[in-house]
Amino acid sequence: MSLAYDNLPKVDEVVLEARNIAKSFGNTHALKGVNFDIHRGQVTTLFGENGAGKSTLMKILSGVITPTSGEIVLDGEAILFNSANEARAKGISIIHQELSLAPNMNVRDNIFMGREIIKGGQVDFAEEERQARELMAELEEDIDPLTPLEELRLGQQQIIEIARAISQKSRILIMDEPTSALSAAEVEVLFKVIRDLTAKNVSIVYISHHLEEALTITDHAVVLRDGTMTAYAPRKDIDLEWIVRNMVGENFDLGSPPTGYNFGGTALHVQNLVIRDTGGGDFNVVDNLSIDVKAGEIVCVYGLMGAGRSEFMECAAGRLKAQEGHILLGGEDVNKLSIAERIQAGLALVPEDRQKDGLVQTMSVGQNLSLASISEFTRKLLTSKVDEDNLVDTSIKAVTVKTSGSEAAIGSLSGGNQQKVVIGKMLATAPKVLLLDEPSRGIDIGAKAEVFKLLAERAKDGLAVVYSTSEVAECLSIAHRIIVMHKGKISAEFDHTASKEQIMAASGESVTH
Amino acid sequence: MSSTAQKQSVQGVSTPPKKIDIGRLLLEGRAFFALIAIIIFFSFMSPYYFTVNNFLIMSSHVAIFGLLALGMLLVILNGGIDLSVGSTLGLCGVFAGFLMQGVNIEFLGMTFYPSLWVVVILTCLLGAAVGTVNGVLVAHFKVPAFVATLGTMYVARGIALLMTNGLTYNQLDGKPELGNTGFEWLGFNRLAGIPISVIVLVVVAVLCGLMISRTAFGRWLYASGGNETAADLSGVPIKRVKVTVYLLSGVCAALAGLVLSSQLTSAGPTAGTTYELTAIAAVVIGGAALTGGRGTVRGTILGALVIGYLSDGLVIIGVSAYWQTVFTGTVIVLAVLLNSLQYGSSSKSR
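Quick note, the sequences are listed as chains A and B, same order.
With the working numbering as the guide, the letters of the first sequence map in order to residues 891 to 1403.
With the working numbering as the guide, the letters of the second sequence map in order to residues 30 to 379.
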């Protein structure tokens, strides 16, 4: 990093190349041979929808995971990182989407975690604190380095994460969704820091869902879709429309709204729902939300991360408490019912994170499928094996799970089939309203189409379906109606003839800070 | 091991290979093979070991740990731990002894001598009460299971000591004219040549096995131990399940306390010290995962037999008590090592 370079015009020099990077997790192919360049002293932004493989690619570049095949060329030399520490030693560091900080430690200790400044066999806390103060000043944040991390807002914690990466004096800094928790002012500061860093020849890799925001800072754009790189261009050649077109791709047929029947009465009535932030923040994650869904209707809830989609669904299912408002199921207020009672009454939720909230990994495919309807095959005290097998077989056929049998381990299934098991489990309870939080998350396009087809068929039989998504192409599939959420409120409502641009605009995705 | 698991998960939908894998078989049946090995070894070492009478005596020793281990299994399946069972055993033994001595109610000026069945039922209720305290602390007040049951472990032991002032109740036989005889029946009598304590263990084991494999509660237990949020969202009453397993663990400890004080014909406040650790060891040797969701009654009983037959065998061939401790410890560590082999491979392929 010689000073002589600083005043020269930027040379379009490639500092790191990723060649044919592929990565598979079991049956899921997250990346299918991606080529990707990082230019010295410039910002390269990765665009792509959820599950396109952005985070996987960044984890590979930063040594967190190793690729199944392909190579990374750093300064013309092929290298292979076995750990994040090896990558860090080569000057590559990453700011993860999920914070990797210790909430019980203070800001100073978090910034220097794992690379404490040692003097005379002891940690030089004074020096660490001085440097931490400098970093905070640089980032224009008024945070005392001795504050415990857990006392900071999420956005401030994000700043600490950024400070830590900056303090490592990396040559390549990867930022995975750094602005998702930041205020507009904090984003401004971050962008100033990014410009300072690039001026010092640090290369930045930037990932963001805020497309226009990313366009203001980036020098190069790379678009990923379903694990492959679909487009690459320098900033001057592209615009927002180009990105969206390449992100979403040709219209893969995810189905169309089922027709040829009439909707029934109101199945789900949500009125003035208010949910407070569970993280202790002084704001409402869902603010005065009202939705009506009729029997047989399919409603898509579109919104960015943090728009309040998940909270609305979890509250309806009974996992979160509502501050105010009513949720009526077929005219009955479900407010006082437990999760089990709501399922009994016909309100079921397919949670967003199927590994964490949907499946019991220690149980078989069949046991997972029957988990929500055990009472169906319990005769007096004991469960009936015959009845359970019948129920499981029916479910496996109904949701077309590809499995070697109901006894198979749930972990042996592909992501798409695991998702079908979670959906099948809730469908087995014969719900009247089915809520699905991001049902397409992390499953491939073919499985997505199958899941949507399945939901469309159930809707024809009178099931009210509400699903959320953060991919605009999925709004325009089977949904009769699209509701766009932004910061806890409904910002727009469309029918299925809306355009992608309209929907994205309403979600706040293209709003410049 | 992990590479074969990887391969299977890549094939995914294809049927799993049908050929018998010797390594896998040995791994899954490890507690059983260990038990066979122990029996063969000690039968060679001592002519007294392989006799019906010795097996019955050893089994009646196993009954105590077996009962505790069954209760512990339920708690461990739920992803928790119950450190209080040894103390609960002691407290319940003392409580039974106290009842056998006669309850003097001062303002009536009378002394009650409850009959044996009343003693048994009241003692079991006491065990259930201690267990319920554990369960409520863990499920409703979110106290980590380790800490909550550590606390009750001390409290229960303390109460047992307070009740007797540190002394032991020796007169548990009862008197015919008071109608409370027969306490030694549990510990000494035999039914068709089989010690009653062993029969109690078998009955509890069968009930326990039926409960966890064939009832809705059992399914709830496995599900909430495997993934509590997923179970919750599927409508499983996770808190009720949690309280119930601690309650049942307390009842098992009370039964064990009754059997032990009957076998000893005395009830001491320090009975059952460190028994909770033996119970945990039996469950772990039986292949249960301390993270919850995996484990069987059959495995747990085998685990209890391994520990019981091993330590009694060492006594019979005259190995010092110090070495017994070393051997038991080694077996436990080996068991946990094999557990992580069995479950570790599947979690890696995820």
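None of these hints come from the bench; they were simulated from the model.
No experiment lies behind these values; they were computed from the predicted model shown.
For every residue, glycine included, the Cβ atom is placed at its ideal position computed from N, Cα and C.
Misleading hints may appear alongside valid ones.
Unchecked claim - Simulated crosslink set (DSS-like; lysine-lysine; CA at most 27 Å straight-line):
#1 B/171 x A/1246
#2 A/1246 x B/268
#3 A/1090 x A/980
#4 A/980 x A/1009
As the list claims (entries may be wrong) - Computed spacing ranges between beta-carbons, pair by pair:
#5 B/53 x A/961: 33 to 39 Å
#6 B/353 x A/1290: 54 to 60 Å
#7 A/989 x B/171: 21 to 27 Å
#8 B/171 x A/961: 47 to 53 Å
Against the structure, the hints:
1. At roughly 20 Å between alpha-carbon atoms, residue 171 of chain B and residue 1246 of chain A fall within 27 Å of each other, so this suggested pair holds.
2. Taking the CA atoms of residue 1246 of chain A and residue 268 of chain B, the gap is about 19 Å. The hint holds against a cut of 27 Å.
3. Between residue 1090 of chain A and residue 980 of chain A, the direct Cα distance comes to roughly 17 Å. Compliance with the 27 Å bound is thereby established for this hinted pair.
4. The suggested pairing of residue 980 of chain A with residue 1009 of chain A holds, with an alpha-carbon distance near 24 Å, which does not exceed 27 Å.
5. Taking the beta carbon of each, residue 53 of chain B and residue 961 of chain A are about 37 Å apart, inside 33 to 39 Å as hinted.
6. Between residue 353 of chain B and residue 1290 of chain A the CB atoms are about 57 Å apart, so this pair conforms to the stated range of 54 to 60 Å.
7. Taking the beta carbon of each, residue 989 of chain A and residue 171 of chain B are about 23 Å apart, inside 21 to 27 Å as hinted.
8. Between residue 171 of chain B and residue 961 of chain A the beta carbon distance is about 49 Å. The supplied range of 47 to 53 Å therefore holds.
Hint compliance for this structure: every hint is met.
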